[in-house]
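Residues 1444 to 1929 (the working numbering) make up the sequence shown, in order.
There's no promise every hint is true.
[What the hints assert, rightly or not] DSBU-like mimics (lysine-lysine), calculated; alpha carbons at most 35 Å apart, straight line:
| hint | residue 1 | residue 2 |
| --- | --- | --- |
| 1 | Lys1596 | Lys1845 |
| 2 | Lys1632 | Lys1596 |
| 3 | Lys1573 | Lys1889 |
| 4 | Lys1733 | Lys1632 |
| 5 | Lys1876 | Lys1889 |
| 6 | Lys1883 | Lys1845 |
| 7 | Lys1883 | Lys1927 |
| 8 | Lys1845 | Lys1573 |
| 9 | Lys1876 | Lys1840 |
| 10 | Lys1622 | Lys1840 |
| 11 | Lys1573 | Lys1927 |
Hint data in this document are derived by calculation from the structure and do not stem from the laboratory.
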Amino acid sequence: MDPLPEIAAVAHMLVQSTLQSTQTQQPHTSSFLGEPAIPANSISPNLAIKKSSSMGNMSKLQQPSSPLHKAMSSGGFVRAASMLDMSAGDQVENFAIHESDFFQWCRERWSKTLLEDNITADDEARQNAKHVAQREMDSQHQNTATMFASEQKPKKFSSQIAMFDNTCLWTSMLLFDSKEPVLYVADNKEIVSTWDLRSGLRINQFPTPTGGRITTLLSVNAYNAGTILVGTDDGVVCVWNHAHCQDQQSIQTAWTAVPDLISMGSRGPGLVCDWQQDSGLLLASGSVNKVKMWDVDKQLCVQDIPTGTDYPVTCLASSSSAGARHLWAGCGDGVIRIFDCRKSGELRALPALDAHSGPVVCLNFPLNDPNLVISGSRPSGSNKASLACFWDSRNLKEPIRKFQTSSASSLTAMSAHNYASVLACGFQEQMIKIFDHSGKDLNRIKYHEGYVGQRIGPVSCLAFHPYFPYLAVGAEDSFIALFKRK
């Protein structure tokens, strides 16, 4: 039971009894409003305005059995005793009104604007540092694009430069940091490891807070080192800061991106995400029949996009180039479903692309060609051939180019470089094939016996560096191989 009504009732009775006793002892006078007034000399014996502390007022509660004392003790509202001073019996000694600086604090605090005028020197320094980092990132993009564009033909990725033992059952996800020479590695469960590429040592390791299996690993705010997004198969998304520093990682934010995600076991797609840096939108899907669009700044799900199929979404990619904003969703039936998101609140489904027959494992928008889209799929059913397709986003009737990555091998992973015209395909047969965009087989990396041979297990994941010509290979064992261009 809330004790506040009892306290208010007792306080009202005490004030009324004080006023009545005062009025009976002193002659009434008339105020300028015509109402009876209390003479000033009648207030001093029984009603006083003073400064006192709560502890001083509490010491005057002589009757623990009084209604006010019981109400305050049962509800824990001891601070209410600072408003009323009670002595033995029914006599009221003092009615204390306290002075407080709370109103002055509120006036000073809320009179300041919360917009641009309230920016401090530290905020301005952080904003300037952010702009500098963005300029450096744009310069890095331009220099990398110029370097790869000057090449007459793509080069082979055949030089193995490092081998890491992640001490796990197998590797599920790989991600290069865009600012620091580190590689993020997700195992088959809930552990994320950070490897220093210069020293070849693991500098950090941390688990996901929910213990779910990691199925998404993305770079968020690429101009800030160590900011990554980790998604798990229970639908939870966590954004980590300082993931590249030893024992300094911290969760910036976390939420359930897809609450109704269906579990499909250890080999299911789990949670699949795509991040749009310029608009601050996170696209999340997986073993559901819809794609949820989250506005991270507003912390709000702004749209639910139905996929129109019961097959799970196996990969997501989006284009945010000038004049176009398309969402590509590759599904388990081999069909790529495209949505036009240029109008806020409205979605227009474009014709589905059904060039693939198996689950789509790769969707990539190369940064050196804003109109090019690369897709790849695994073999399915009687069709044992895995296929790579190149699409022109301006004309989606049929792919402008396609080729078979293998006629009999089991494709497990595919990745394309952002600037170099190369495509890497990993297979269950402990082999990696490097293709150019025309379909030419540049080189193959195979498992070789011996001390100096290349050690590669059944490939589970591939990742290119966003700028430099490096390729990381994860396998169904604890080893991670790193290759560079020859």
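Which hint numbers doesn't this structure obey? Result: hints 2, 3, 8, 10 break, sorted rising.
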